[in-house]
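*Asks:* Sequence:
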Amino acid sequence: MQQEGHFPVMLPEVLETLAPKPGGTYLDGTFGGGGYSRALLRAAACTVHAIDRDPDAIKRGQPLIAASEGRLHLHQGTFSAMEELVGAYGPFDGIVLDLGVSSFQLDQEERGFSFRHDGPLDMRMSATGPSAADIVNGESEAALADILYHYGEERRSRRVARAIVDARQSGPLQTTGQLAEIIRKAVPKERPNFDPATRSFQAIRIAVNDELGELERTLKTAPNLLAPGGIFCIVTFHSLEDRMVKRALAQLTGRVAGPSRHTPLSLQQAEAPAFALLHTRPRSPSETELTLNPRSRSARLRALRRISAHGASA
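In the working numbering, the protein residues as written are 81 to 394.
Hints may contain errors.
Claimed, not checked - In silico SDA-like links for lysine to any residue, alpha-carbon gap of 20 Å or less:
{"hint": "1", "residue 1": "K101", "residue 2": "A307"}
{"hint": "2", "residue 1": "K139", "residue 2": "E149"}
{"hint": "3", "residue 1": "K269", "residue 2": "A307"}
Hints in this document: simulated from the structure, not taken from any laboratory.
Input sequences plus hints: build the corresponding full structure.
*Replies:* This is how it looks when you write it as C-alpha cells:
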C-alpha cells in the first residue's frame, strides 16, 4: 500500500480505528501520497473524499481516481476549509488527518522542506504565498526568535535568530543548506542522530503554512461533519499539535475539570457530551513500523466517536 517510498503512518491503527464499512462515506483531510485513501477504498466498498492543499498531490492522485471507479473524489484546498470543500457530501462516517509533512515533499529538494537536501528555501505546501526565504530574510530578529521558540520549542531561539540576521547581512539566504549550516554553528549537537537544525526547520515550516492555525480551525469544524457513530482520527507528530488535539478532544468529550462544589447546581447541569474518546491515551507506532519507517517515531494517534447529533463546538 505504499507508493514510491511513501509510508502512510500508523495505517493499521488508523484502519482499525475507522473500521470502514460498505456504503460508508469517509474524508481523508490530508491526501498526500494517497496511503489512507487507497487503504479505505480497499477495505470496504465505500466512498472517499480527499483534500490536499498541494497541487502536486492532486496530480499524483489522478490514477487512483480512475482506478476507484468513481469512489474517490479529490478536492484541492486546506483541510481547515473542509466544510466549504466537502460539507455537502457529508455527514461522514469517518474523518482522518495525518498532520505530518508528506514524504514526497520531504524528498523533493526543490520544495525546500528538508535540511537533508540542499534546495531553495521554500516550504510552501500550497506552492503559493510567502516562502521560508521571505520569513528568514524579511522578519526582524525578535520575530524570528519568537517563531523558533513558539513553533519549534527551540531553547536557543535568540542565538539562532541572531546568527540568521548576522548571516543575511552578506546577502539573502537562499537555500536550505545555507540555513542549516548557520543553525548548526549556533546550536551545539545534543545527541547522536539528531540534527541541531531540526527544531528551527520545523518552526519555519509551521509559520510558512500556518499549520497551528489550520489545526485550530479544523478542530472546530471536523466534528460537526461526522454522522452519529462517525469517528474523527488524527495523527500528530510533535508536542504542539498533540497538546492542541488533546485539549480539543477533552472539551468535546466532557473530559474537562469539573465545576467547583460552590457553583450553584443550576449552573452545573449540562447536556451529556456528544462525543466519546476511543482511547484514553494516544496510540503510538508499532515496533515493526518504527523499523520500516523511522520518520514515524514521534507519531501519536488520537480519536473520538460522535455518539449523538447535538452540538459540537471545540
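*Asks:* Hint by hint, which ones does this structure get wrong, listed from lowest number up?
*Replies:* Result: hint 3 breaks, nothing else.
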